[in-house]
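Visitor: From first to last, the protein sequence lines are chains A and B. For the first sequence, the UniProt record's numbering begins at 1 and goes up steadily by one. For the second sequence, the UniProt record's numbering begins at 1 and goes up steadily by one.
Careful: at least some of the hints might be erroneous.
[Stated by the list, open to error] Interface residues of chain A toward chain B, partial, derived using beta-carbon atoms under 10 Å:
#1 139
#2 166
#3 170
#4 324
#5 326
#6 327
#7 335
[Claimed, not checked] If you want the footprint, here are the derived chain A segments under chain B, 3+ residues with CB under 8 Å:
#8 37-48
#9 269-283
[To be verified] These stretches of chain B come out as covered by chain A in the derived footprint (C-beta under 8 Å, 3 or more residues):
#10 137-151
#11 319-333
FYI, nobody ran anything at the bench for these hints, they're computed from the structure. For every residue, glycine included, the Cβ atom is placed at its ideal position computed from N, Cα and C.
Single-letter residue listing:
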Amino acid sequence: MTAPTAQRPPAGASATEGTTARSRRGAALAQRLVVVRELGILAALVLLIGVTLIANPRFLSGQNVRDLMLSAAVLVVLAAGQTMVIITRNVDLSVGSVLGLSAYATGTLLVAHPGTPVVVALLAGTAVGALCGLVTGAVVAVAKVPSLVVTLGMLYAIRGLDSLWASSSDRLQINASDLPAGFKSFGGARLLGVPVLFLLAIVVVALVGVHLRSYRSGRELYGIGSAPEAARLSGIPVGRRVLTAFVVNGALAGLAGVLYAARFQTLDTTAGTGLELNVVAAAVVGGVAIAGGTGSAWGAALGALLLTTIGTALPQLGLNPFWRDAAVGALILAAIALDRTLTLRLAARLRGRNLRGS
Amino acid sequence: MAVDTAPVAGNAAPPQARAPRRQFTLPGGSVISTFLVLFLVIASFSVEGFASTRNAGFLLLDVVAVALIALPLTLIVVTGEIDLSVASVVGLSSAVMGKLWFAGLSLQTIIPLCLVLGAVLGAVNGLLVTRLGLPSLAVTIGTLALYRGLAFVVLGDQAVADFPREWTRWAIGSIGGTGIPNAVLPLLVLIAVTAVLLHATPIGRSLYAMGNSEDAARFSGIDVGRTKLWLFVAAGVVSALGGVFWTLRYGSARADNASGLELQVIAAILLGGVSIFGGSGGLLGVLAGALLLASVRNALQLVNVPSDVLNIVTGVLLIVAVVAPQVAAGVRTRTRARPR
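This is chain A alone, in the form it adopts within the complex (with noise of 0.2 Å):
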């Protein structure tokens, strides 16, 4: 998408001031954009806090939120991840099986070396995570294959490789009575009330976002994402950007896979099976477009504690929990029709101003 301003040769000085405060100003209005994305998207969940609360006013527990916590904390992170693929107009449909065999690799890390200190085993996870996303990212960047198809491939192959590593070893399922109990008392401890789980999920939030929003190795992925072509043109090392992307969300998914590990102490095989569409949802309805260029990691966190919290809080409305997947798939629809409004309105205003500015 190139904007007509930037084909015009700059024919003086004072054009080329115009431009930039036209340009200026449509920054300042995709980004007021951006901000309302997220703003809605938590009024969106304070909205549905407030209506779960009016039906059952001990909804906000100590406990209840703390168990909202604990369940969001694996697909906040992931969403985080998957967030910086999609910006780069790429997706990664293989977080789940990365998920499920950095679990199971943690899991039998600590059965073999009970000793091993809790944060070992989070670096052990993250960097399985992080293989993984650097075999995937380097198909997708250097054989320059569609990553909807690489990964696809990966979502099937990682969890065979899973399958076949449990049952190669004889150990199809570690229970909670096979680990060590530092590593259990990690997943339900609290720093100032709130579990540590959702906390590490909040600093990775704030890394990534921090990284997107204000890193010119973050502002490229957004380049990469709204105009690859144009990005590479301008200098961009667009395979390693991309490259890197991947190999970061696959350390978050293997991260992900520890703090599942922790959280559910129970694993086999299938663990974190058919997640990948649920956080790619998370990101959609956080406001993340599926064909690259915009979102946030804030945005995409927000959208996974609304997907979260929507699954709990339906009971407490009296409805059947088994709405749960169509309330998902209604909100992702209301949230990408809700964004195409807002580009079209925000693309008509630029136009606009382009037009009275000439």
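Given chain A, put chain B in place with the hints provided.
Guide: Relative to chain A, chain B alone:
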């Protein structure tokens, strides 16, 4: 959905002369078909029990649902769109079938109702994509969740299993004792219809045109929106039919029937050489892809490889199928560039 850094499949052709496009008309998919034949020959000799009538029957029965849904979905992918909600339509159609049967309706009434339901579900997808201009990937991820959710709303976690014997027996039975499942006959009819539509009619040509350049197609007078809408409706109807077949074949209507089948269907389509960007590929390749995936799984099962491990094969096949032509193209351009 990809890094468009290189002018790969489709419209962005490099300035220098290119080899004439293969895989554009009917003979497309010859590579994957060759692989299929090779694999079938090797497996028949080396895997005990693979070539038996009984086993071939099982294999074909497993392929039916995937191949059936792959037909309309191939057309959709050729136009550059995608429909991930097909397996959820199978599930919803199955759930509704069970609910209505439980309520005492006859199958003669239920099946048309299911097909109408499929048409409506497909139309919802199609309208969101064509009228609102939303990306089909995002829309159908949404309806994937929505339709599957509705299936659970309809039937919960129950199963309805008391379907009439003559129907369920037809669904698993074979033609005369040949081992060829009964369901293959209607499937062949649908394959023929789709193949003619895609490869021998102006409509089929227009689908490729849309996939290569939607704007160019529109300027040449093709009603892009309406055509795509009808494709999504067709995918809905055929998936609903798949739901009816699935229910009868397993003798059980459940909301989670055919979960994850969309990925298998898409794997078959991509393995069959259809570009995910649209504009290229053919039906022969897709059917060969579906058969190859099913036979590899079947052969490995016969030599006692655990079924979960087969996922590795599916995944690697899929990746190789897309990477290999890319690498070949890269080598070709490099060797061509060297003399200068």
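Visitor: If you take the shortest Cβ to Cβ gap from residue 166 of chain A to chain B, is it below 10 Å?
Guide: Holds - the Cβ of residue 166 of chain A comes within 10 Å of chain B, reaching about 8 Å at its closest.
Visitor: Hint validation: residue 326 of chain A versus chain B, beta carbon distance must be below 10 Å. Holds or violated?
Guide: The hint holds - residue 326 of chain A has a Cβ within 10 Å of chain B, the shortest such distance being about 3 Å.
Visitor: Double-check residue 335 of chain A for me: the hint is only fine if its C-beta lies closer than 10 Å to a C-beta in chain B.
Guide: At about 8 Å, which falls below the 10 Å cut-off, the nearest Cβ of chain B leaves the hint on residue 335 of chain A intact, so it holds.
Visitor: Using Cβ atoms only, decide whether residue 324 of chain A comes closer than 10 Å to chain B, and label the hint accordingly.
Guide: holds (7 Å)
Visitor: Has the segment 137-151 of chain B got at least three residues whose CB is nearer than 8 Å to a CB belonging to chain A?
Guide: holds (count 13)
Visitor: Take the shortest C-beta to C-beta distance between residue 170 of chain A and chain B; is it under 10 Å?
Guide: Result: violated, 12 Å to nearest chain B Cβ.
Visitor: Can the segment 37-48 of chain A be counted as covered by chain B under the rule of three residues or more with Cβ-Cβ separation shorter than 8 Å?
Guide: Since 0 is below three, the answer is violated.
Visitor: Residue count check for the segment 269-283 of chain A against chain B: does it reach three with CB-CB under 8 Å?
Guide: With 5 residues close enough to chain B, the hint holds.
Visitor: Taking 10 Å as the limit, does the beta-carbon of residue 327 of chain A come near enough to a beta-carbon in chain B?
Guide: holds (7 Å)
Visitor: Can the hint on residue 139 of chain A be confirmed by a CB-to-CB distance to chain B that is less than 10 Å?
Guide: Since chain B brings a Cβ to about 6 Å from residue 139 of chain A, closer than 10 Å, the hint holds.
Visitor: Residue count check for the segment 319-333 of chain B against chain A: does it reach three with CB-CB under 8 Å?
Guide: Contact hint for the segment 319-333 of chain B vs chain A: holds, 5 residues under 8 Å.
When the structure is compared with the earlier hints, violations turn up for hints 3, 8 and for no others.
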